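Hey, can you work out the whole structure from these sequences and the hints?
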Amino acid sequence: MNRIDTRQLDGIDWAEIIYRGVETQELDYKAAQNWKDLPRVGKAKFVRHAMALANTRGGYVVVGVGEDTNGNPTDYQGLTEEQLRSFDPSIVGQFINLYADPSIDFDIVRPEVDGKHYAVFVIRRFSGLPHVSSDHCGDELQQGAFYIRTPDARSRPAYRASELQGIIQRALRNQREVLGRMLRGVLYEGNQYAEPDAERQFQEQLEASGENCRQVIGPARINSTITMSLSAYPDTFVSDRWMLSDTRSAVESIALPIPGLLPLPGAGQGQAFVTNRSFTGNLADSKSGRFHFFEAFPSGLLYHVYGTGTRRKKGGELSYNRLVPLIDAAVRAIGEFYENLGVQEDLITLTISLNNVNDCRLAGVEERGDTQPYVCHIPDITVRKRRTVADLVADPSEHTLKIVKEVCERFNYPARRHPRLREMLRGIPV
Numbered sequence: 035m036n037r038i039d040t041r042q043l044d045g046i047d048w049a050e051i052i053y054r055g056v057e058t059q060e061l062d063y064k065a066a067q068n069w070k071d072l073p074r075v076g077k078a079k080f081v082r083h084a085m086a087l088a089n090t091r092g093g094y095v096v097v098g099v100g101e102d103t104n105g106n107p108t109d110y111q112g113l114t115e116e117q118l119r120s121f122d123p124s125i126v127g128q129f130i131n132l133y134a135d136p137s138i139d140f141d142i143v144r145p146e147v148d149g150k151h152y153a154v155f156v157i158r159r160f161s162g163l164p165h166v167s168s169d170h171c172g173d174e175l176q177q178g179a180f181y182i183r184t185p186d187a188r189s190r191p192a193y194r195a196s197e198l199q200g201i202i203q204r205a206l207r208n209q210r211e212v213l214g215r216m217l218r219g220v221l222y223e224g225n226q227y228a229e230p231d232a233e234r235q236f237q238e239q240l241e242a243s244g245e246n247c248r249q250v251i252g253p254a255r256i257n258s259t260i261t262m263s264l265s266a267y268p269d270t271f272v273s274d275r276w277m278l279s280d281t282r283s284a285v286e287s288i289a290l291p292i293p294g295l296l297p298l299p300g301a302g303q304g305q306a307f308v309t310n311r312s313f314t315g316n317l318a319d320s321k322s323g324r325f326h327f328f329e330a331f332p333s334g335l336l337y338h339v340y341g342t343g344t345r346r347k348k349g350g351e352l353s354y355n356r357l358v359p360l361i362d363a364a365v366r367a368i369g370e371f372y373e374n375l376g377v378q379e380d381l382i383t384l385t386i387s388l389n390n391v392n393d394c395r396l397a398g399v400e401e402r403g404d405t406q407p408y409v410c411h412i413p414d415i416t417v418r419k420r421r422t423v424a425d426l427v428a429d430p431s432e433h434t435l436k437i438v439k440e441v442c443e444r445f446n447y448p449a450r451r452h453p454r455l456r457e458m459l460r461g462i463p464v
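When you number the sequence shown by our numbering, it's gap-free, plus one each residue, and the end is 464.
Below are the EDC-like pairs computed for lysine to aspartate or glutamate, each with C-alpha atoms no more than 16 Å apart in a straight line: (1) 70 to 116; (2) 321 to 148; (3) 70 to 122; (4) 150 to 116; (5) 321 to 47; (6) 79 to 174; (7) 64 to 109; (8) 79 to 169; (9) 77 to 174; (10) 150 to 115; (11) 77 to 169; (12) 70 to 115; (13) 77 to 122; (14) 150 to 109; (15) 150 to 50; (16) 77 to 173; (17) 150 to 47; (18) 64 to 101; (19) 321 to 50; (20) 79 to 173; (21) 64 to 102.
I should point out that these hints are in silico values taken from the structure, not numbers from a laboratory.
The model shown is predicted, which means the values in this text are computed figures rather than measured ones.
Take a look at the structure:
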């Protein structure tokens with residue numbers, strides 16, 4: 035368990051998370067409190083929530099938000115300096131993982147929102163084996179129980195056959211994916227394109243979706259903002275390979291390790307709706323300048339455009355600490371989408387692009403002795419990869435590493451000089 039420097043998570047809108055006003059399957063709130071003053075049973079509540087979130091979809095526990103008279107989490111108390119310090123990552127992590135087997139992969143961040151400080155547990159979904167309670171603690175923890183997070187925002191033991199089956203299937207799938215990556219993934223590194231006819235048909239859908247994006251968001255906003263776009267499609271083109279309802283469910287079920295880092299319509303962010311041809315959605319925030327457009331087709335094409343809020347201008351800059359987690363979220367979202375559609379062996383062509391980056395500087399990578407800034411001299415950067423779904427899901431960080439290095443080479447930043455990317459992807463300050 036590590037502490038994240040919130041500057042490395044610039045893509046997350048902490049205010050949106052803190053002010054959500056309702057607990058969900060991925061979000062739990064706790065009133066302001068001091069960890070050191072809590073009895074063992076009180077601390078065990080955090081263990082139960084962390085274990086349940088990790089066994090389900092991952093998510094957040096926000097400390098510093100109490101309930102109003104109606105029982106809704108809208109009393110934004112914030113934490114005193116003493117309370118904030120009490121949520122020391124090493125102390126909290128040692129206690130929580132005393133009861134969790136295997137250890138839970140989570141972090142503690144301390145964002146400041148509207149002048150108030152909060153402690154936020156960022157909990158990642160299990161990637162190997164599910165977490166079981168290794169001991170009991172009062173009425174909060176049962177030894178040998180697998181805790182899950184339910185749609186009505188409860189953290190309780192899994193006792194239905196379907197719930198236990200879901201946990202077991204996820205664990206088995208994790209093992210198959212790792213083995214599949216070892217056996218198959220490397221075989222396709224040099225194969226960059228789908229079948230010619232499928233490539234043409236998917237490109238036609240992409241062009242139509244891109245034009246729709248320009249009409250919805252507005253060409254002026256798109257052309258004046260640094261954007262990141264991602265697209266992905268399978269090997270063969272079948273216009274109605276999946277039902278629209280399945281496509282929508284696949285989008286809405288995407289569970290990123292850090293929810294909210296990459297905005298996705300259908301996950302409670304912006305408007306989303308089904309048309310005759312696709313599941314689509316968009317959001318434009320005039321305050322931050324950020325926007326997104328999303329479209330998923332029954333053919334398996336997935337398209338997303340994210341406006342970073344950074345204005346396109348000569349001498350502008352793009353933060354390395356923001357770029358890395360955004361690319362990582364994009365890779366993970368693509369893998370999750372196809373996994374939710376029920377495919378594993380399919381080859382996927384994925385493309386990640388940065389647009390409007392001519393004369394843009396890569397910030398946060400300078401080292402002592404550097405005399406020239408790292409600047410991009412082309413308008414758009416495009417990186418394309420060809421991988422199996424199992425490979426994407428089994429080791430997304432490996433693909434993020436390769437894509438980040440290729441992107442940064444366009445800023446004339448040498449691949450050999452990247453700061454500790456692996457550690458950064460796990461939230462360790464570099």
